[in-house]
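One-letter residues, chain by chain:
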Amino acid sequence: MKKIVTFLMILVLLFSLTACTPGAQTSQEYEPFDPDKEYEIDFLGWGGVAEQSNFQYMINQFMKKYTNVKVFYSAISDTSTYSQNLINRANDLPDIFYVPDWDYIKWADSGKLVDFTPYLDQEEIDKMWDMSIDIFRYDETTKTVGTGDKIYGLPKDLGPLALVYNKDLMLQLIEDYNLDVDLPSNTEPMTFTEFKNYLSEFKGLQVDGSEVIPLAYYDVQSAVYSNNANFYTDDSATTSAIGTDNFIDAIQFVADLSTSGLAADYSTSGSSFSRFASNTYLFTWMGPWDIATFWEGLSFEFDVIPAPKGDAEGSVSCASIGTVAYGVSAASDNKAAAVELAKYLACSEECAKYNYKLGQAMPNIEEMAVDDWVNNVELDGIYQYPQSKQVFVDVINEADDNIFGKSRPYYYTYDKIAYDALMDKFNDVWAGLKTARQVIEEYEETYQQELTKTRQRLG
Amino acid sequence: MYELDLKYKPKPHRKKLTDKVSEALHGYAFVAVPVIGFLVFTLSALGFSFYMSFTDYNPIKGTYTFVEFQNYVAIFKEEFFRTAFFNTVIMLLSIPIGTFLGLLLAIYLKKLAKGRIVLMILYYLPAVTSSIAIMLVFRDIFRSDGGLINTLFGVDLKWLGADPWLIKIAIIVKNVWASVGGSMILYFAVLTSVPGSYYEAGKVCGANAWHGFVDVTMPMTNATTFYIITTGVMTGLQNYADSTVFAQGLPGGRTIVYYIWTNGINSAQYGYASAASMILVLIILVITVILFKFSSVFRGQIK
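From first to last, the protein sequence lines are chains D and Y. Residue numbers for the first sequence follow the working numbering, beginning at 1 and rising by one. Residue numbers for the second sequence follow the working numbering, beginning at 1001 and rising by one.
Don't read these hints as lab results, they were simulated from the structure. One or more of the hints may lead you astray.
[Said to hold, decoys possible] Only some residues are given here: those of chain D computed to face chain Y with a beta carbon under 7 Å: (1) ILE87; (2) ALA90; (3) LYS106; (4) SER110; (5) ASP265; (6) ASP415; (7) ILE417; (8) ASP424; (9) ASN427; (10) ASP428; (11) ALA431.
[Stated by the list, open to error] Below, a list of computed lysine to aspartate or glutamate pairs in the DMTMM-like style, where the Cα atoms sit at most 25 Å apart: (12) LYS453/D with GLU1079/Y; (13) LYS1077/Y with GLU450/D; (14) LYS203/D with ASP1156/Y; (15) LYS127/D with GLU398/D; (16) LYS203/D with ASP1145/Y.
Virtual Cβ for every residue (Gly too), placed ideally from N, Cα, C.
Using the sequences and the hints given, assemble the complete structure.
This is the structure:
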């Protein structure tokens, strides 16, 4: 019996030691791309069949251009599984891989990503959206994203959210019910009150015997940002800011939309696209990455408008922005080739054009987005929808005083635990069981503790 | 004179194994495969997880320090964990309900003269249907706007909403529907082997149908009941899909495994996840021991 116990102990110890052994050594030393050297690199991404085939095409183009580089591309369909897979492979990362906004700070802080700064020249940076580069900066001293000299990711795409509406259905309802309503403005954001009143015009109306629900759901982050409020006092995400009147009013605004029947029951938000496609919802939300899905899944014309701005003083339309980066492993033996591929996918004009023609992303190159994408160059028929793509550009550009954008709250924190727990608490508000003020007064202290714990995990 | 050939060495006499030893060796060889598998893939993983539960291992940074019982203390303080534990236990109610209904169905089918096979196939279909497909269909059935249940009963209940009880009731109903066919098949197999003379003897002594059920059917099926309940509880405590696919993360439908996944593994807190996993192992062990302890209840005798 003693022998068996000893054997088991050794087995467990061996397993423990091997599991905790650090992986390959990381290095930030600059490695120039050598056109005469043979490279083989692994690329891990995510996405459905269409995205995988698009990426394989772009990678093939890259390999034609750089014949000395062989890229082995693989993808995981589900983003959550992808994130987990990457964490499990932390000691043996692929040469190049996606880094989503909710994981960015984890990886940027780990020292396992290549700093792109020495690999980028000013000309390359200048032609990109400022936001697309700045968003992947990381300040190691203050442990804050969006600032600092180091750039640990290159943009796969920027994803500003916008409200999308079924234009055909809206025109039909206006005609059938003789409504005194114009199509919503794509340049001038409505206020929360105006948007509520606008939705009320369509409440209870029917098409083909079925009731139309004016709105699928309201994006909570856009509501908060657009009511001159935030989840934290600053981008270090260490101090709660959810106790402000503006924050509370934004949450209550979202809840009131559901409880008054202007928006669907929030629990159905998971199926919002299919119900938008079947004429059940008049409005829902979309990002540029959804465009291909909308082209394929909708049989009507759709268009976008900016997120409404809050009624609070100083409010502007401010949509939430989701982002994904290309990261390169600092432990890669083929770092130079992996960086070259990341730059090709993120910064090259051919990939930017290919991406927008496929409805996969708005161009990272500012000039192309403003001149070509917005004006539907090389796009025709349904591929021109949404016609008001300028809305997405305005969010990123921030040139207009009216329309802005801000990264999602969990981009600033080490993990999503504090945010998810807060959203859990709001379930009672969405259901009309409690007011936003009640929930926030009860929960703010715990939320602050969660933020502190999250920050501690960052170190 | 003859020289002695020193090169020649007689073969050592091989001791022939006795039948008993030979049989034992064969037995060990067969048993070795699952035992080694258990040691390598289960016990060592369990041991590693136990060790990790006392650390703050961060898989991304590859760093860890020994934090003693901090993870365990943090978990017990966590409201989310307590809710997940409560949810998991409540959802286990589908097991006795599904088992009992399975028994009733088996009795009914045994008495049925015609159409037994067709009905049996129909009742058993959920057991061979993809659980994910069942969840998606039941999500539509319980939908608050235009769902089958609300339309049929003329109510406006948000089954898939914030109410922590409605979502659990929906999950229990779905799981009962999905499990009843499996229980029915097992009970039916047992009931076909119960001699009809037992019931006839009871009738002679003045026993009615109820007495037949309580004094003959139940004692004869007790071993099956014990099997269904025990395996059901073990599986139920490890329920995850109901939280993600059916409840889609709603707090009222979150289970312990969902908690381990979201707050531990998915947040790169492997030490924390390990501690929560060890607590789950302990819960399963305790409940299993209790079930075995009271297994005598399931060893009823025909009166």
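Check: Tell me, which hint numbers fail for this structure?
Finding: Those not satisfied: there are none.
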